[in-house]
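Below are the chains, spelled out letter by letter.
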Amino acid sequence: MPFETLVLACLAYVALMFAVAYAADRAAARGRVRCLDHPLVYTLSLSVYCSAWTFYGAVGYASRSGLEFLTIYLGPTIVFCGAWWGLRRLVRVARMHHVTSVADLVSARFGKSNRLAALVTLIAVIAATPYVALQLQSVRLSFEVFATDPRGMGGSDALGGTALWVAAGLAVFTILFGTRNLAADERHHGVVTAIALEAVVKLAAFIALGVFVIWGLADGPSDMLDRISRASLDPRVAEGWLLRPDRWTALIVISGAAILTLPRMFQVLVVEAADEERLHVAGWAFPAYLFAMSLFVLPIAVMGRELMPADANPDLYVLTLPAAAGQDMLALLVFLGGFSAATSMVVVCAIAVATMVSNHWLVPAWLALRRIPASEEMDDLRGFVLNARRLAILAVVAAGWVYHQASGGAAALAAMGLVAFSGMAQVLPAMVGGLLWRGANRKGAYAGIGAGFVLWMGLVFLPSVGVGGDMTVLPGMDPWTAAVALSLSVNTLAFVGVSIFGFPDPVERFQGLSFVSAIEPLRHSRARSADDRAEPLLAMARRIWGPDAALRFFQAEARAQGKSGYLPDLTPDFLTGLERRLAGSIGAATAHAMIDRVAGGVALTVSDLLQVADEAQRAKEETQRLEAARAELARTARQLHQANDKLTALSVQKDAFLGQISHELRTPMTSVRAFSEILMDADLQDADRQRFAGIIHQEAGRLTRLLDDLLDLSVLESGRAQLTISVVNLHDVITRAVTAASATRPERGFLIDRDLPSEHLGLITDADRLLQVLINVISNARKYCDADHPVMTIRVKRPQGGGAVIDVIDNGSGIDSGRQSLIFEKFARLNDPARAGGAGLGLAICREIMLNLGGDIAYLPGQGGAAFRIVLPQRPPVGSGSD
Amino acid sequence: MSDRPLFLERASFRRRRLGDAARVLPVLAMLAMLLPVWWVPASLSYAAGAVWIFGTWAVLILAVWLLHRALLRSEAATLRASQDPAPPASGQDPDAV
Amino acid sequence: MQDILMIEDEVNIAEAVRFILSREGWQVALHADGAGALEAIRHHRPRLLILDLMLPNRSGTEVLADLRADPDAELAATPVLMLTARGQVDDAAAQADHVLSKPFDNADLRAIVRGMLG
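Residue numbers (the working numbering), protein chains in the order written: chain A, 1 to 883; chain B, 1 to 97; chain C, 1 to 118.
Chain A on its own, in the form it takes in the complex (with noise of 0.2 angstroms):
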């Protein structure tokens, strides 16, 4: 094919790609965007990633290294499979943001701190600048294959300069397509449509080649099979082609992470998405187009082999293989799909590179040396940062073209392709661990992002420009992957470290809160209502975004406030929403610092971030009000339930009282009725009425004791009880305790065992109270012992701290555990069949004594019949009872 078609093929092709971008830009400056924003255009022009390194490369690569190449394919797909949750948060975080590139993302979640982001951009830049010198050098070598045909002598002077004027058309392309506007959002729609029609372009050429290779080489998809097999017979290819799990899993990794860090991938990634929905198609779509574009490799690598000499540069032998085969148009179709890949990167590349480059190096550096600047001096801020990043892409480029020139292009495609990968899989760290750990700190960022682009910088990058050579990192491990394996561990571990025993500033605290909950991001304090401080931020947004729309963002913002003109109050509403909108034309950080500059606020303070957080977490504490409003509500329920239980109890059993007593006064009434009734009767035999008057008698009595009783005991529990205190010998109470109760059931013979010497201890207590709870206790065991020979045994016995311990201890069958604790209830004995007239007030009144004698009476349980265990202090509490 003539030298001179070629060209014009090419002119042609980038005049079709200019003007579509026109067309698209165009379009978009009208509002219709709805064709240019579906997702498919979106999938299209994520094939970005399919740069000429895959175009050619990847069939050198699958010729040197057999199914290896399927890696940088397969990283990407899995991290596709998680697009429903992973990447549309990525998305998602990254659009509330307004974030404009990987540097940017990291510098946000991190504090806004530029320094991050001035690091990230110069590992992105080293990185870069390799890859786009790749792309020239495929151009170029493409170019080659068509020139060395035997006619085609355009000498290697025009040659020579083929990868120059590669260049510097990108760069117009670039500048023209890609600095157009500075837009609150960073998005290139000419840009976008022409690199998804060259995706377009890109695919249709290499599966019309592997067609052409599979059913116009070979015989089908069976022979192409057993072509493959028989290629692999081979000692040295099969040597070669052998899968290394530890450098297949690695390079899977590094793909993987390539694909969300790369500079030129996050631009479309991310950046050009105008929402998260559009990955529902790209989540399935992209690897389907990276599974069409790796189908045919491996068929082309073992036909290339075949067919070409063995000198035969495999990287090419999709340019060689159709042109040696006479299919001119085909080789003409695939120049055109090589062309594209190396384009779209480059221009893609250039973009983001120079937006970093601008952002994070070029404004700031500008800002810093006008530190104060003159408020009258209406210098063009949107003119300087459209020039910076002209400025970047230009310098994007020709470092690509220098570093070409100087590399003489010697490298195989793919080590170049590999290097660019693992210089930006360091940012992954810190970006994966700042949008799911809010532990993350800036501190841990710099160590794991610094250290990662250090080892990579040694163990990679310097050796693949002969700087060093190889370093044996790991014995028996393929170098590459264990500078891989090493780099990014010493990176996750540096981050993760620091990070823990780091402290996060304010700043950083509130962001990474909205990165790793995906919520709206902490919003300006100041609500200072001054116009004179809306004035310079109009004229700083006017130069950054032009006069017009600057005006139509502040005068809609104003009428959103209910104010007319042109200048809003500075309410935390509207300051947030500047930044968020600066930031998507400047970078986070810088627009973070101008507001503050020009809003006249120093650094975030503090005090600041107090008053910010009330903002940012009002809904959260909204929630909290609500939920512990409820809580306190649940627990005043709860307690009102128990004061009601209490009551319900304390009324039942005052019922309870009440009936008990009510017949206990209602059945000796009813004897006393009834008996004095039948008295009035007059035929009544005399000892008739003699029993009859004794039975009244009796009961009336047992009333009277009862209403003592009553009484007595309710001046005992009010605690008005009036004690006569006085030293008491013991051993005297207990001996007319004893002797008085022996009336009680004379006719049984207690054998009472008692510890004369032991007895005699002095007291201060009430004797009378003390004898009356000694007489209920004896009287009880006399009444109740059931033993056929009874004995009481009583024990005195002092305690260490003073006064006296009486146990009365019977050899009857005591009282059951269950009615030990009722016993001293009032009317325990209710249900009692040996109740003998009284009314079961008794150990009722002894407790109430002794809790007033500041003692106790207590059941013994476990002593072979009834016991009861009375305690008396030394002298009675203070302020008991009186003399």
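To be clear, the hints were calculated from the coordinates, so they are not data collected in a lab. Careful: at least some of the hints might be erroneous.
Far from chain A, some chain B residues (derived; all Cβ distances over 10 angstroms) [claimed, not checked]:
#	residue
1	Phe13
2	Arg14
3	Arg17
4	Ala77
Listed below are several chain C residues computed to face chain A (Cβ distance under 7 angstroms; list not exhaustive) [unchecked claim]:
#	residue
5	Ile13
6	Ala85
7	Lys102
Label-pair restraints from in silico Cβ distances [claimed, not checked]:
#	chain 1	residue 1	chain 2	residue 2	range
8	C	Gly36	A	Leu703	29 to 37 angstroms
9	B	Arg14	A	Glu627	27 to 35 angstroms
10	A	Ser676	C	Ala94	30 to 38 angstroms
Cβ coordinates follow ideal geometry from the N, Cα and C atoms, glycine included.
Given the structure of chain A, go ahead and fit chains B and C onto it with the hints provided.
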């Protein structure tokens, strides 16, 4: 009207389970691509390996497509169910993160 | 077969009721405990049962419930006069045919018993 709440519950339940599947899928994809290579690298390196890897890959693409279609449908169903009786309490989608 | 069986733990009240009713010509048997009350009823098969509500070991209500649930239908249908020293009568005593509060008027007692025995 009476079966609306039931429908809503079922739709959101299904959406949650599909969300779980979306979380598991990348892990499964990773295992499918890594384990065989560690296990029998030699038999995966040549023609048979190409067939296996491309086959698995196609299955993965199909799985993502089906999953996303099902997720979109169940999201739409949940939205319909929650919009019909009353306006939704919030536009936020709790499962999207 | 006795005319009346009285189950009452207060000896004096039992004595009074027996005296009053026997002067009317009825025979009155006595039992003093909730335990064994049913056996006593079965043994005496009275035409009228006078039952105290508050009994040791087994309350009058329980005795009454047991009686009403007895498989012997004739026995279960025995008319019951409940005596209670409580102010109000609880629901459980509603199974009794008559309830008389203590203290009572001897004439009332006589009238009720006469009415119940026909």
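These are the hints, each one checked on the structure:
no.: 1; hint: Phe13; in the structure: holds, 17 angstroms
no.: 2; hint: Arg14; in the structure: holds, 15 angstroms
no.: 3; hint: Arg17; in the structure: holds, 13 angstroms
no.: 4; hint: Ala77; in the structure: holds, 15 angstroms
no.: 5; hint: Ile13; in the structure: holds, 5 angstroms
no.: 6; hint: Ala85; in the structure: holds, 4 angstroms
no.: 7; hint: Lys102; in the structure: holds, 4 angstroms
no.: 8; hint: C:Gly36 / A:Leu703: 29 to 37 angstroms; in the structure: holds, 30 angstroms
no.: 9; hint: B:Arg14 / A:Glu627: 27 to 35 angstroms; in the structure: holds, 29 angstroms
no.: 10; hint: A:Ser676 / C:Ala94: 30 to 38 angstroms; in the structure: holds, 31 angstroms
When each numbered hint is compared with the structure, no violation occurs for any of them.
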